[in-house]
Amino acid sequence: MRLFVFSYNRGPFLANCIDSIERLAPEHSLTVVDDASDDPETLAVLARAAKHHTVVTGEALSGHKHGGLYPNMQAAFDTVPDKALFCFLQDDTQLVRPLTGEDEAALHRQFDHAPTLGFISPAFIRQISLKHAVDRDFRFDAALDLWFWHPQRRSTGAYYSDLLIARSDRLRAAGWRFESGESSNNQQAQRHFMRMGRLRVPFAMWLPNGPAFRGKQKSWALRFAERRRRCGLYPLQDLAADVEADLHQGAPPALPVAERCLNARSQHRLPVPWTYDPMQGQRWLKWMDRLATKRQRRRQ
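Reading the sequence shown from the start, the letters are residues -10 to 289 in the working numbering.
No wet-lab data here; the hints were simulated from the structure. There could be a bad hint or two in this list.
To be verified - Okay, the calculated beta carbon distance ranges per label pair:
id, residue 1, residue 2, range
1, T43, S169, 36 to 44 angstroms
2, Q141, D235, 36 to 44 angstroms
3, R249, S172, 43 to 51 angstroms
4, P140, A33, 37 to 45 angstroms
5, E91, R219, 20 to 28 angstroms
6, P70, G221, 22 to 30 angstroms
7, E16, S173, 29 to 37 angstroms
8, Q141, E171, 15 to 23 angstroms
9, P29, S169, 22 to 30 angstroms
10, H17, D158, 31 to 39 angstroms
11, R249, A33, 16 to 24 angstroms
Said to hold, decoys possible - SDA-like, lysine to any residue: derived pairs with alpha carbons at most 20 angstroms apart:
id, residue 1, residue 2
12, K72, G0
13, K40, P1
14, K72, L153
15, K72, T145
16, K40, H97
17, K40, L13
18, K72, K40
19, K72, P1
20, K72, R166
21, K72, A163
22, K72, A95
Yeah, the Cβ is synthetic: ideal placement off N, Cα and C, and Gly gets one too.
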């Protein structure tokens, strides 16, 4: 399976992600697609990675000076051979268990068994809220050995996520083109495919409480939210062997929720549920961030 990591100006996070792939998936091809980072620390990580892996910019892949995550995802997808599995990861994610040949064979069987299956998530499920039991919205398909999310309200993520596994022939047969934004891609996926599958034993996850960029920018509102959330680099420990065995063998299957199955390598305990967006639950900061973004665009 071909692994792609999309990067922009988060050197320590990118180094952690690459390290996890080198340890846990050394036999799989890795391409780092960087969105014209200019941070010296990130450039140093990219230079080290280039000694062992393929490192490119989105512009080099596509031949166009466009930049941005989704054009870069499309450019990366265009390089994948026919009927090949590929996995898209971000620099603020990492692998948490070995990626084996049996994993790859099982993925091919799942795509072969379900002709309308477009995407499978490699990630654990986010707990999101303590008020509502996340388990109620997920159903397990024993024939496919996959979980499927059935949210009570229409939600982005039921059919598509930026962390994904797909097979090139399936997407090309549907005329797939990556659009800007998870919501747009979720709507496109809903038109073409069944719901996104979720692995019984995921192998990747976003890091909790990480910093973020919005369109390569950090408004004062976003910086304030990051300080308030104590955002930083909190790598994850590898999935414990006993937890992995329970996920494989559990009857009935246990929903692979990140906060239940994984632990962060941190000197202080992170609040549960984990935060994956510094603006999460901060409506007034989101409003100020959108206002700052609009002003920035007017100046450009």
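_Name the hints, by number, that the structure is in violation of._
Going through the list in order, the structure violates hints 1, 2, 3, 5, 6, 10, 11, 12, 15, 16, 18, 19 and respects the others.
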